[in-house]
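> What follows is the residue order along each chain.
Number of protein chains: 2
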Amino acid sequence: MTAEHRSDRVTVLAGGVGGARLAHGLDLAGADLTVVVNVADDVELHGLWISPDLDTVTYTLAGLADEERGWGVVGETYAALDAMGRLGEDTWFTLGDRDLATHVVRTARLRAGASLSDVTAQLTAALGVRARVLPVTDDRVATLVDTPAGRLGFQEYFVGRRHADDVLGLVYDGIDAARPAPGVLDAVTDADVVVVAPSNPFLSVEPVLGVAGVREALAGTTARRVAVSPIVGGRAIKGPAAQILTTLGHEVSALGVARLYVGLVDVMVIDDHDAHLADAVRALGMDVVVTDTVMGGAPGRERLAREVLRAGGASRG
Amino acid sequence: MTAEHRSDRVTVLAGGVGGARLAHGLDLAGADLTVVVNVADDVELHGLWISPDLDTVTYTLAGLADEERGWGVVGETYAALDAMGRLGEDTWFTLGDRDLATHVVRTARLRAGASLSDVTAQLTAALGVRARVLPVTDDRVATLVDTPAGRLGFQEYFVGRRHADDVLGLVYDGIDAARPAPGVLDAVTDADVVVVAPSNPFLSVEPVLGVAGVREALAGTTARRVAVSPIVGGRAIKGPAAQILTTLGHEVSALGVARLYVGLVDVMVIDDHDAHLADAVRALGMDVVVTDTVMGGAPGRERLAREVLRAGGASRG
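So the sequence lines, in the order shown, correspond to chains A and B. Under my numbering, the first residue of the first sequence carries the number 42, and numbering increases by one thereafter. Under my numbering, the first residue of the second sequence carries the number 42, and numbering increases by one thereafter.
Read the hints as simulated data drawn from the structure, not as lab findings. Some hints here could point you the wrong way.
DEER-style ranges, computed between Cβ atoms [what the hints assert, rightly or not]:
no., chain 1, residue 1, chain 2, residue 2, range
1, B, Glu109, A, Gly111, 39 to 47 Å
2, A, Gly254, B, Gly224, 51 to 59 Å
3, A, Ala167, B, Ala155, 30 to 38 Å
Remember, it's a predicted structure, so these values are computed and weren't measured experimentally. Ideal Cβ positions, reconstructed from N, Cα and C, are used throughout, including at glycine.
Chain A extracted, bound-state conformation (with noise of 0.2 Å):
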């Protein structure tokens, strides 16, 4: 086969929304997709296993997430909740009907045996999802969250308090003893493009990086590697991407973020609203590509996925 004739070859390292939604626009655009997801904002609550990234990548890429609210099934109902609040259990993590059927189906098999990468491949297979989807490891990995109020556990920073307390450290704790999980590292090595996906550089990007080798094969590869900026115009589109940048001492900017992928990245894709940053990403030793990265529904992302392809593409040969 020629190169016209076969999909690229495209993984994303990716968090939650901003990951699950280029994926997606990727999936649309006819990529040959792997999805190597952060596990780090995993937490067990009522006995069940929940991985947020995990479940926010599946729905979107099986058309089933709730967009307009930006996480959980659309259409969902919260009986279960509800009936949980009653019978004491705290209810501040908001599980609808639907999602608690994945993470009890999860959770059984994790429980019988099976690791969460086997679990994640019949979950997307059985919603009929076509690419790939990878948690970064099969092991146990907890972002913790520094703060002035003292160290909170990640679904407690993000979810119980809204991201509100400023973030002065974080821990990834368990990643130096996590091993990649199976096609993980294949996946960055093997890929014709690596794309770094729009998502949280430090509570997204990072707790993938730094899972044994991954870094390495991301550095390594000769993958073209494109990476998204998450912020725009000096403001997180999502989430508290901004925020964190400030405390820990970064820019905010879509320079603060090609700053942290130096030797990671080839190209930068920044907003239109941040051309004026092109030549110091460039300066970086980067190449830059100027876009509307603000992807809204599928026709926004299938259009940024076919600007990251072609980011991708533009060197190869």
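Since chain A is already given, all that's left is putting chain B on it; use the hints.
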């Protein structure tokens, strides 16, 4: 206090629906009520610990039971079950969203080290149940059903195959090692009245009596012991009691049931339709009360409960 000024201490030995409804009637009648509940129907499905009889008793006493259907929670929805089916789980065991919450919470607390008694006390308290609801044991007992199709797990027999198989024998797996839960033996020994509910003698009552010390406590208690026949006019009010009596070689009648309880029961409550059996039951050494034993809603339950309390008080003092 004189006898007139305190509630009767009443302990019910119960399975599911029949026991739950009579317990409800006794609660409405103002009894100081303890319900000792069969757990040999319990099953682990989807990694969740399900205790159908405990839940039926609890939901009924809490006013949450789906009375029309005879199991589960009124106004129930099935979003999670639907999603679980989509994820490839077997869904022959119908779990509503609210019911699922009970199983999730129970399972989480059991895994965290609580006993089934502890969890049951927490759940009944949370739902405003006044009566003490006690699993007969915190240990695991599982009814296995020998049929022409082989040995079946209880829920497979009962729900999965709709109790259509002939029952050739029953095994209460684990019962020899099962210890009575805290309070169970005292509840039988110290009661004023012990009621054997109109539950299935083989599927519900026997795996209660078979737990170490329970049969002996019932045989030796100074309480007045009253059983209500689950067979009316040669038919079971609900479930497979009639078929099981037949295939195990017993007479399908209130008399056949009474014979199973000789030495354990002082008064047999039989239905008006079975008045002609009263003398034969008396010949077994029991008193007989003939009344309408078919409970409908709350008024019918309370009426039967008052008959039972009268029967239980008849010989006192």
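> Please go over all the hints and tell whether each is borne out by the structure.
Hint-by-hint comparison with the structure:
no.: 1; hint: Glu109(B) x Gly111(A): 39 to 47 Å; result: 40 Å, holds
no.: 2; hint: Gly254(A) x Gly224(B): 51 to 59 Å; result: 56 Å, holds
no.: 3; hint: Ala167(A) x Ala155(B): 30 to 38 Å; result: 33 Å, holds
Checked against the numbered hints given earlier, the structure satisfies every one of them.
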